[in-house]
Amino acid sequence: MMQEFEGRVSAQRDAYPGYPRVGTTYMSFSPDHGFQVTYYESESRSWLWYGGNDIALPAEWKLEKKDVDETGAHQLAGDQTLICWKYGANTYNSSTVTTGGKFQCTALVNALQVTVSSLDGDPFNLSSGAVPYVREKCDAPDEFVIQTDTTLYSNVGIEDCM
Numbered sequence: 408m409m410q411e412f413e414g415r416v417s418a419q420r421d422a423y424p425g426y427p428r429v430g431t432t433y434m435s436f437s438p439d440h441g442f443q444v445t446y447y448e449s450e451s452r453s454w455l456w457y458g459g460n461d462i463a464l465p466a467e468w469k470l471e472k473k474d475v476d477e478t479g480a481h482q483l484a485g486d487q488t489l490i491c492w493k494y495g496a497n498t499y500n501s502s503t504v505t506t507g508g509k510f511q512c513t514a515l516v517n518a519l520q521v522t523v524s525s526l527d528g529d530p531f532n533l534s535s536g537a538v539p540y541v542r543e544k545c546d547a548p549d550e551f552v553i554q555t556d557t558t559l560y561s562n563v564g565i566e567d568c569m
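According to the numbering used here, the sequence shown is numbered sequentially starting from 408.
Since the hints were derived computationally from the structure, they do not count as laboratory data.
One or more hints might be untrue.
DSS-like cross-link-like pairs, simulated, lysine-lysine; straight-line CA separation at most 27 Å [said to hold, decoys possible]:
1) K472 - K493
2) K473 - K509
3) K493 - K509
4) K544 - K509
5) K509 - K469
6) K493 - K469
7) K493 - K544
8) K473 - K493
9) K472 - K509
10) K544 - K469
Let's have the full structure, built from the sequences with the hints guiding it.
This is the structure we're talking about:
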């Protein structure tokens, strides 16, 4: 099981070297959120095109190395780089039932594992704060070529959207 996971992670790192790379737009998929599109504008600013939203949500983002959790307990061995986003205080994440205004983090490898495609630059002009159209959760923009062979969910959930 661990070998399979490590193989998928390695394949994802090969597919998306340097993830997340500034100046790149990524599309991810999870059953809870559906397709999400994120443009990394700078080393600290990203923009999220979330299904159902009529604007692109600006976020502060950062990578953080962490070898112990908040209680001081050691985490799992290996790369414990976290990726963290902070959206506006007036935002709400219905999947985690949390509001914005503070950093929310996940293991970088977890974010990489749900990445299904990328495009160079800001092809949707998300950094303007606008979105080209209001997408539904299962609406993946046609510009992306979806690759799920090595992702965490493979086709689980995606087939419900396609």
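Quiz item: K472 and K509: Cα distance at most 27 Å?
Solution: The given pair, whose Cα atoms are some 18 Å apart, holds under the 27 Å limit.
Practice problem: Take a quick look at whether K473 and K509 sit within 27 Å of each other, Cα to Cα. | Solution: holds (18 Å)
Exercise. Below or equal to 27 Å on CA atoms is what counts here, so check K472 against K493.
Key: It holds: about 17 Å lies between the C-alpha atoms, which stays within 27 Å.
Practice problem: Starting from K473, check that the Cα of K493 is at most 27 Å away, please. | Solution: Given that 27 Å is the threshold and the Cα spacing comes to 18 Å, the pair holds.
Self-check item: Restraint status (C-alpha distance of K493 to K509 at most 27 Å)
Solution: The given pair, whose Cα atoms are some 5 Å apart, holds under the 27 Å limit.
Quiz item: Does the alpha-carbon distance linking K509 and K469 stay inside the 27 Å limit?
Solution: holds (12 Å)
Quiz item: Is the Cα-Cα distance between K544 and K469 27 Å or less?
Solution: Status holds; Cα separation ~25 Å.
Quiz item: Within 27 Å, alpha carbon to alpha carbon, are K544 and K509?
Solution: holds (24 Å)
Practice problem: Below or equal to 27 Å on CA atoms is what counts here, so check K493 against K544. | Solution: holds (21 Å)
Quiz item: Hey, K493 versus K469, does the alpha-carbon distance stay inside 27 Å?
Solution: holds (9 Å)
Comparing the model with each earlier hint shows no violations; every hint is respected.
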